[in-house]
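If you read the protein sequences in the order shown, they are chains S and W.
Count along the first sequence starting at 1, add 11, and that's the number in my numbering.
Count along the second sequence starting at 1, add 11, and that's the number in my numbering.
There could be a bad hint or two in this list.
Heads up, the list lumps identical chains together, so a pair's fine if it works in one copy or across two of them.
Only pairs whose alpha carbons sit at most 27 Å apart, straight line, appear in this in silico DSSO-like list of lysine-lysine [stated by the list, open to error]:
| hint | residue 1 | residue 2 |
| --- | --- | --- |
| 1 | Lys488 | Lys115 |
| 2 | Lys489 | Lys256 |
| 3 | Lys291 | Lys492 |
| 4 | Lys32 | Lys389 |
| 5 | Lys194 | Lys77 |
| 6 | Lys263 | Lys485 |
I should point out that these hints are in silico values taken from the structure, not numbers from a laboratory.
It should be emphasised that the depicted structure is a prediction, and the values quoted were computed from it without experimental measurement.
One letter stands for each residue in the lines below.
Protein chains: 2
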Amino acid sequence: LCWTVLCSAMPDPNYREHLIKMEQSQQTGGRVLLSKAEQQLGVLLHKLKQQEMESSEFPPAMHFFKAKPLIRNSTLFSLLQKMPKGGALHVHDFALVDVDWLVKNVTYRQHCYVCFTDDQSVRFIFASCQPKPVPHCSEWMLLETMRAKIDNCTDLDNSFIRNLTLYTDNPEAAYPNQDVVWKRFEETFLAAWGLVTYAPVFKDYFFEGLKQFNADNVMYLELRALLPQTYELDGTLNDRVWTLKTYQEVVKQFVAEHPDFFGARVIFTAHRGLNASELKEVIKEAVQLQREFPEIMAGFDLVGREDTGRPLWYYREALSLPAELGVSMPYFFHAGETDVQGTDVDQNMLDALLLNTSRIGHGFALVHHPTTKALSRKMGVAVEVCPISNQVLKLVTDMRNHPAAVLMSEGHPIVISSDDPALFGASGLSYDFYEAFVGIAGLKSDTGTLKELAVNSIRYSSLSPKLKEEALVKWQKKWDKFVVENLP
Amino acid sequence: LCWTVLCSAMPDPNYREHLIKMEQSQQTGGRVLLSKAEQQLGVLLHKLKQQEMESSEFPPAMHFFKAKPLIRNSTLFSLLQKMPKGGALHVHDFALVDVDWLVKNVTYRQHCYVCFTDDQSVRFIFASCQPKPVPHCSEWMLLETMRAKIDNCTDLDNSFIRNLTLYTDNPEAAYPNQDVVWKRFEETFLAAWGLVTYAPVFKDYFFEGLKQFNADNVMYLELRALLPQTYELDGTLNDRVWTLKTYQEVVKQFVAEHPDFFGARVIFTAHRGLNASELKEVIKEAVQLQREFPEIMAGFDLVGREDTGRPLWYYREALSLPAELGVSMPYFFHAGETDVQGTDVDQNMLDALLLNTSRIGHGFALVHHPTTKALSRKMGVAVEVCPISNQVLKLVTDMRNHPAAVLMSEGHPIVISSDDPALFGASGLSYDFYEAFVGIAGLKSDTGTLKELAVNSIRYSSLSPKLKEEALVKWQKKWDKFVVENLP
Ligand SMILES: [Zn+2]
Ligand SMILES: [Zn+2]
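In isolation and in its complexed conformation, chain S is listed as follows (with noise of 0.2 Å):
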């Protein structure tokens, strides 16, 4: 008796496919049971993911300035959009609005002043009278009367937009290097400050982005913000407790109006330009306001550059605090978003870990470090990727070659957001969905990464278990009708 398998010394296919599926299953979502109706998804995904694989422009390989036009015009990319996607994890206070809102609505309030700076940038401001000229600047010219002399607006609107945005027709030649992208990156912050930190416009803004998300099918944020003082039109200055309060009610009165939205928290952050003490006097503080804002405040974090910012490991002390005085600070610290390899940078990722990090913001570096990567899965750690992000910021070309192609092929815990999708011309968290799930996470993805990822934007929130379940209950409904209105 001679099977044609056995005798030969061919591998033995059975084995093959063995194999495969074993590696499948690894994937990000490769374990996750999947309907019938799932399943009829995912064979429209794969067709529709395998045309965009098969056009001759591959919108992952190309920058998402040149992309974004390609993406939004295809199929999957709506499909994307309609997914309820569950919460955006990693998104800036300031980052979050279209700035074709700021500009077309905000700049067109009355009492907006303007002025044009040295280096070719702008600075707002709101005042009942002429503000005090400010270094560098030209004088300030109420917007008012500057439109009024000129007969179109356009021009004078979208070099505000530019100010606004990094966005370029040619990225590659704006932004040569990381240093000439980051300073960018800063300025489109100083450009927008005098008009997100003017307190009725901070209130409106907010809700705006809430809009925007809610319309993108997100039903819950986390907020990375600075908590900065706000200023009214006559120049007195509200504190921090204002703007953490404005936030609750912001939330609060969105939720009474849209209520399929679960809500959002804030991730209270500070410079790491700060030193050692100073960041001290701040942890004092987010102790005080986590306790006093239990159910907004979320925790704690530190933004700006890492490569040119100061190491997690030097504020060792001061982040140990909390836990000192026996108060509970969850962190969500920045770290990794880096390709420098080897350096003092490079170790946030552990130093993260071992300061107790509930999650890993871009973690872009943790698939050089397999003893930190395996300590984060240990820990149920998850990773919050941002891709557009990471592209535009220069660590990544092509997004086939984005690390967490590796961390999803293990199924490390991750969550795709889009950190400042205002600034890079994007919105939400679809266009992230799109890079992660057709860019990184190649043809074998299917309805199963999909809904893990969705999921684990829950189960890794700084939500209370008894909250997740609430929002997985909400989430689910939205998710079932989904994939029943969308079978091929």
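With chain S held as given, fit chain W with the ligands onto it using these hints.
Using the frame of chain S, we list chain W with the ligands on its own:
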């Protein structure tokens, strides 16, 4: 009794140190025991590498064509050139020798004709009388006559050089995508073909190749070779056996003249364009050659662009033939030289392993396949990493994102090689060692990393255990001398 560390809520610095060391010990070379002298050399290496990383232009972040002058002028590169690197296990037959030599030496020989193709490339042929015209090409012109008519041959020679390499001032513009760069890549092979397959040149070319690798302190070569027919001046053709014998003779002659050099072996390669039954014939021939020339012939491989070629699994019957016949045929498959994910081609690495490959050529996509990666490690199948080739052929932009960084951080068995140095304007192995050591392995790689990479190139070679032992003894002597001579 209360020690600061024990009472503090701060992470224990000793535990942290332990984790960092544990991680470092996993990297390539992390467990190599180093002598005092080797450690001292490591201090110098660290200092030099830090200099490279702190420079405003970091060569591994740039395209090699732009980085090359910076690399060539760096002290670290000179050191790596002097370093005994062991063997070059992944280099192709007609891309060994600086094309300057082809132009300045070979095209100046008697009886060399040139024609210019419709698409602005060139073809060469040696002939005793006017050769017959070929399609899509100008008439054949005797170069000697042509050069006699022009005042200055530099422009002509430079145009030849341009046609024989991929080098260009602005690679990003010249090669917008993989299709374009692969087309040019194949074009350069055609341009060189008539020169390198002329029997007398064929010998000299290989001899010159050995000379250049030897000068770069490489002591052993495994050559991917097409074993083409070669031609004589009167047009008679020499068969494959002639070609293989010639390799054997040239190696013998070279070793006789350079007793420090260890030798070279040949991996017979066929093109992925063949169909299954064509490959079967080639495999039968390979088995025959392997039997007749066991000393020079190391095994078999398939070449040509994977993304557009047939997957290994398509050839499974032909490739199982030797095992079926009960004869040994070591395989050294190119596999995973791709960035498409989840396709049949992306399965080549697993199939190479199932077909019992001895090494994996490139394995660029291996980190996306945890099961396959684990299998490769378990089977002791080393990955041949060719950084510059991957960058020029547009798989990766910044070397710090090269997936070999993941492999190296895990101590996966790898060797460094240069694929087609002549086409990329590189030479020997040193440029690729620079990219691997400075760009891919990061600041923490040290003398141990370099030592393990060199030893790997012997350990994972096709040599018999006895010859490996001999080669290692020879290498160790060179290494010890290198270390002593370059102490800071
Ligand atoms: Zn961020
Ligand atoms: Zn090759």
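Here's how the hints hold up against the structure:
Taking the shortest Cα distances, lysine 488 and lysine 115 never come within 27 Å of each other, neither inside one copy (36 Å) nor across copies (74 Å). In this assembly of identical chains, the alpha carbons of lysine 489 and lysine 256 never lie at most 27 Å apart, being 30 Å within a copy and 71 Å across copies at closest. Neither within a single protomer nor between protomers do lysine 291 and lysine 492 lie at most 27 Å apart by alpha-carbon distance, with minima of 48 Å and 54 Å respectively. For a Cα distance limit of 27 Å, the shortest separation of lysine 32 from lysine 389 qualifies both inside one copy, at 24 Å, and across copies, at 19 Å.
Proximity of lysine 194 and lysine 77 under a CA criterion of 27 Å is satisfied in both settings, with 21 Å inside one chain copy and 24 Å between copies. Taking CA atoms no more than 27 Å apart as the test, lysine 263 paired with lysine 485 passes inside one copy only; the shortest distance there is 17 Å, against 76 Å between copies.
The structure fails hints 1, 2 and 3 (numbered hints given earlier, in ascending order).
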